[in-house]
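Working from the sequences, and respecting the hints, build out all of it.
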Amino acid sequence: MNRLVIYLSLSVALVAGMYFGMQIANNGLWPDSFWEIKYIQVLDILISVTIAVFVVSEISKQFNYGLKQRELVAGCIDEYEKALSSAYDCFSRYAREPIKGNAQEVLRLLKAASNHLSIMIEVISSVQCSVPEHMRDKFETCFMSLKIAMTDSPFGSDKGAVKDAARLDKIDAAYCNARKGMFKAKLCLYK
Amino acid sequence: MKKISIARDFSVTPGFRYPLEGPFSGQDFRDKHLSPLFDQQNDDSLIEINLDGVAGYATSFLEEAFGGLARKYGVDRCLFRLRFISEEEPLLPSEIINYIKNTIKR
Numbered sequence: 588m589n590r591l592v593i594y595l596s597l598s599v600a601l602v603a604g605m606y607f608g609m610q611i612a613n614n615g616l617w618p619d620s621f622w623e624i625k626y627i628q629v630l631d632i633l634i635s636v637t638i639a640v641f642v643v644s645e646i647s648k649q650f651n652y653g654l655k656q657r658e659l660v661a662g663c664i665d666e667y668e669k670a671l672s673s674a675y676d677c678f679s680r681y682a683r684e685p686i687k688g689n690a691q692e693v694l695r696l697l698k699a700a701s702n703h704l705s706i707m708i709e710v711i712s713s714v715q716c717s718v719p720e721h722m723r724d725k726f727e728t729c730f731m732s733l734k735i736a737m738t739d740s741p742f743g744s745d746k747g748a749v750k751d752a753a754r755l756d757k758i759d760a761a762y763c764n765a766r767k768g769m770f771k772a773k774l775c776l777y778k
Numbered sequence: 030m031k032k033i034s035i036a037r038d039f040s041v042t043p044g045f046r047y048p049l050e051g052p053f054s055g056q057d058f059r060d061k062h063l064s065p066l067f068d069q070q071n072d073d074s075l076i077e078i079n080l081d082g083v084a085g086y087a088t089s090f091l092e093e094a095f096g097g098l099a100r101k102y103g104v105d106r107c108l109f110r111l112r113f114i115s116e117e118e119p120l121l122p123s124e125i126i127n128y129i130k131n132t133i134k135r
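Protein sequence lines correspond, in order, to chains A and B. Read in order, the letters of the first sequence correspond to residues 588 to 778 in the numbering used here. Read in order, the letters of the second sequence correspond to residues 30 to 135 in the numbering used here.
Where hints are given, some of them may not hold.
These stretches of chain B come out as covered by chain A in the derived footprint (C-beta under 8 Å, 3 or more residues) [stated by the list, open to error]:
hint	stretch
1	37-46
2	63-75
3	80-91
Within a straight-line C-alpha distance of at most 25 Å, the following computed BS3-like cross-link-like pairs (lysine-lysine) qualify [unchecked claim]:
hint	chain 1	residue 1	chain 2	residue 2
4	B	Lys130	A	Lys725
5	A	Lys687	B	Lys61
6	A	Lys698	B	Lys32
7	B	Lys130	A	Lys698
Short derived list, chain A residues pointing at chain B, Cβ under 10 Å [to be verified]:
hint	residue
8	Leu696
9	Asn702
10	Leu704
11	His721
12	Met722
13	Asp739
14	Ser744
Please keep in mind that the hints were generated in silico from the structure rather than gathered at the bench. Even for Gly, the Cβ is constructed at its ideal location relative to N, Cα and C.
Shown next as structure tokens:
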């Protein structure tokens, strides 16, 4: 709004300056036709153009702001997706070779994914985006389901490669659900 | 208020559910640090548990430590006395409260 006032003031000042300048230099070097210019009309045009430019710039500013917000949320979802994928991949390594180092790595990566999730939820809550409230809660539920499926007993005490199909299926299903939620959220962003 | 930091008072690499699964298990933590504070029937003072500074928590550790405590001393008493702090992992306190509320008989 301040910019509109500045532009309008400059337009008025410009026309007023021209008018008074010509009045002072009444019989100066200007050709007679110059005095036939209707300054009120010039002012009218300048004000119209100024308002049009201002309105267009404000609309494009709002549009770009909305776009940037959506990009920011999409970026956060991407980061969370990468973190969760790393944890899932690490669990696959643990499932093949259940040593303590791999188990600790799974826990470390899940902690990182949890941080990304909380950042993502905070960003979604603080910006105006079209991700619905229930979807934000679902992110948490899906993460907890995956964490429980991965790290509840007998995680950490497996003696050989994990071959329990029911356990592995549960982990895969929880991971798929979590990713499905992320894709749905991304679709909501660009609706 | 009694304050317990898991990283300082127990381990920076908490283990899993039972001692036979490895060191620093959830059962160890419960028996050494939490149960003694709950054994006195008349004591209802708050216990603040700082969860920061560790490599990460397995569900089995958290469930055995806090869910196990709720199985032994009751869900309401645990929820009344325990306060959780985690700046590193803000979702962790609600996760633990979930384990306490949904205590599974084992």
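Comparing the hints with the structure gives:
no.	hint	result
1	37-46	holds (count 4)
2	63-75	violated (count 0)
3	80-91	holds (count 6)
4	Lys130(B) x Lys725(A)	holds (19 Å)
5	Lys687(A) x Lys61(B)	holds (23 Å)
6	Lys698(A) x Lys32(B)	holds (23 Å)
7	Lys130(B) x Lys698(A)	holds (22 Å)
8	Leu696	holds (8 Å)
9	Asn702	holds (6 Å)
10	Leu704	holds (7 Å)
11	His721	violated (17 Å)
12	Met722	violated (16 Å)
13	Asp739	holds (4 Å)
14	Ser744	holds (4 Å)
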